[in-house]
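Trainee: Residue numbers (my numbering), protein chains in the order written: chain L, 1 to 251; chain Z, 252 to 520.
One thing to keep in mind: the hints can contain errors.
[Stated by the list, open to error] Computed, partial: chain L to chain Z, Cβ under 10 Å:
| id | residue |
| --- | --- |
| 1 | S61 |
| 2 | P64 |
| 3 | D69 |
| 4 | P178 |
Read the hints as simulated data drawn from the structure, not as lab findings.
All residues carry an ideal CB built from backbone N, CA and C; glycine is no exception.
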Amino acid sequence: MNTAYTADEMMSVAAARALREGSSCFVGIGLPSTAANLARRLHAPNLTLVYESGCLGAKPSRLPLSIGDGELAETADAVVSVPEVFNYWLQPGRIDVGFLGAAQLDRFGNINTTVIGDYGAPKVRLPGAGGAPEIAASCREVFVVLRQGARAFVDEVDFVTSFGHGSGRGDRRRLGLPGAGPTLVITDLGMLRPDPDTAELTLTEVHPGIEPEQARAATGWPLRVAEDLAVTPAPTEWELSVLRELKKVSA
Amino acid sequence: MAEVIGLREAVAELVRDGDTVAMEGFTHLIPVAAGHEIIRQRRTGLALARMTPDIVYDQLIGAGCASKLIFSWGGNPGVGSLHRFRDAVQNSWPVPLEIEEHSHAGMANRYVAGASGLPFAVLRGYTGTDLPEHTDTIKPVTCPFTGERLTAVPALNPDVTIVHAQRADLAGNVQLWGITGVQKEAVLAAKRSLVTVEEVVGELPPRPGAIVLPAWAVTAVAEVPFGARPSYAQDYYDRDNESYQAWDAISRDRAEFGRWLREQVGAEV
Chain L
1 MNTAYTADEM
11 MSVAAARALR
21 EGSSCFVGIG
31 LPSTAANLAR
41 RLHAPNLTLV
51 YESGCLGAKP
61 SRLPLSIGDG
71 ELAETADAVV
81 SVPEVFNYWL
91 QPGRIDVGFL
101 GAAQLDRFGN
111 INTTVIGDYG
121 APKVRLPGAG
131 GAPEIAASCR
141 EVFVVLRQGA
151 RAFVDEVDFV
161 TSFGHGSGRG
171 DRRRLGLPGA
181 GPTLVITDLG
191 MLRPDPDTAE
201 LTLTEVHPGI
211 EPEQARAATG
221 WPLRVAEDLA
231 VTPAPTEWEL
241 SVLRELKKVS
251 A
Chain Z
252 MAEVIGLREA
262 VAELVRDGDT
272 VAMEGFTHLI
282 PVAAGHEIIR
292 QRRTGLALAR
302 MTPDIVYDQL
312 IGAGCASKLI
322 FSWGGNPGVG
332 SLHRFRDAVQ
342 NSWPVPLEIE
352 EHSHAGMANR
362 YVAGASGLPF
372 AVLRGYTGTD
382 LPEHTDTIKP
392 VTCPFTGERL
402 TAVPALNPDV
412 TIVHAQRADL
422 AGNVQLWGIT
432 GVQKEAVLAA
442 KRSLVTVEEV
452 VGELPPRPGA
462 IVLPAWAVTA
472 VAEVPFGARP
482 SYAQDYYDRD
492 NESYQAWDAI
502 SRDRAEFGRW
512 LREQVGAEV
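Produce the complete structure using the sequences and hints provided.
Mentor: Printed below as a string of structure tokens:
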């Protein structure tokens with residue numbers, strides 16, 4: 001098998017690895033769903049996937065087309081109403097990890113999926129909040145996965161759809177937000193984590209062959225790089241073959 | 252008691268210009284055929300409510316039926332953006348579209364309050380986000396017992412709610428199952444309701460886990476086989492994913508959309 005891999009494959013594998021066996025994950029569609037379903041096939045067969053359509057413990061045999069795919073309902077431990085999934089399962093903090101994508105992400109992990117430009121006169125109108133604000137508020141921690149580029153990684157988001165760390169460490173506690181907020185950002189170039197003191201997202205890992213300069217150039221704020229910058233282990237043959245099989249059966 | 256009638260008659264009777272209309276369905280059982288009938292009957296000035304406006308709402312907006320959208324996530328699920336919605340928000344085409352924007356949790360709780368006969372619902376949401384600044388129907392509230400600051404959202408009581416379900420009996424009792432979203436709450440919150448169903452049967456076989464909307468809680472039932480296409484109806488048919496993908500190209504261009512509307516729905520912009 002060819003072990004050459006794409007940047008997107010590296011990102012999906014790195015995101016999957018971040019999910020722990022036996023934990024529960026509130027899954028957004030797209031990259032988060034790919035990573036969560038990959039994790040179930042790799043090291044975390046007992047990862048509980050929760051989709052906002054009300055599917056608790058979904059075990060799809062292929063990647064779902066949307067968060068409401070019938071495959072999710074057919075393979076779930078239970079299908080509950082949407083009010084129930086938000087009020088009973090998400091809001092009290094029963095879910096370990098919220099896994100989100102983003103259109104814009106700022107240096108403190110605040111997420112925009114609402115609008116580019118001014119709200120009243122938008123440059124680009126995006127889909128909006130969906131379940132993300134409460135996922136970001138209530139899950140014990142939040143992982144964000146998105147491709148790194150200067151238009152997405154901005155100094156300040158145009159609209160705070162989902163609260164990350166506000167303007168720095170302490171803002172979440174001050175507002176009474178129960179979860180820890182974004183603890184990990186996974187991109188096609190590397191991984192970022194909030195600084196323990198300031199909560200500013202800092203590059204802590206690069207994927208193999210990526211220089212910190214590339215990550216800096218793809219970031220709209222002066223990106224800090226950890227002194228002990230690590231290198232992500234490359235995807236193994238097994239990880240790649242499982243990911244490709246998953247993509248193939250889902251195509 | 253629910254009246255079992257035809258779709259055209261039901262829409263003519265229940266949906267009026269200027270109404271607040273909720274057509275719910277969480278990517279499953281979306282009442283698409285009913286949406287097209289509203290376009291054909293040229294309703295205008297509707298306030299369209301829905302958690303996840305997708306392609307049928309894109310079509311209603313593009314056809315000029317809506318003056319307002321109350322929603323929490325507007326996209327073509329699994330495909331991308333809604334271009335008619337974008338055109339309306341960014342360029343006021345074909346008519347200006349006011350938006351009232353929530354999160355899913357906020358919308359779900361608004362229907363719960365509406366179904367419960369209460370004026371508002373409480374949730375621990377929206378904290379730290381920019382949504383309350385732009386949406387008048389999100390306000391802080393203090394818990395009278397603990398003093399905790401929470402969020403209140405007002406009940407959403409549509410003039411009419413339309414949903415699609417798998418089956419009903421001749422008396423108009425309705426059964427739906429699979430991903431049931433917020434349909435029950437939206438129907439119970441509404442002043443009038445229409446349920447389109449895949450089939451009307453003599454009697455409803457019990458279905459564990461299914462939601463039953465009794466005939467006395469529904470205004471009208473219309474038999475519309477494949478009424479959710481291109482979305483899906485669990486145990487009847489799958490999602491027609493190619494239609495969702497094809498919509499991306501059709502909806503990007505006003506002229507192309509106009510052609511589609513004439514040919515597929517029999518209406519003009």
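Trainee: Hint by hint, note whether the structure agrees.
Mentor: Status of the hints after comparison with the structure:
no.	hint	result
1	S61	violated, 14 Å
2	P64	holds, 8 Å
3	D69	holds, 7 Å
4	P178	holds, 8 Å
Hint 1 alone, counting from the list given before, is not met by this structure.
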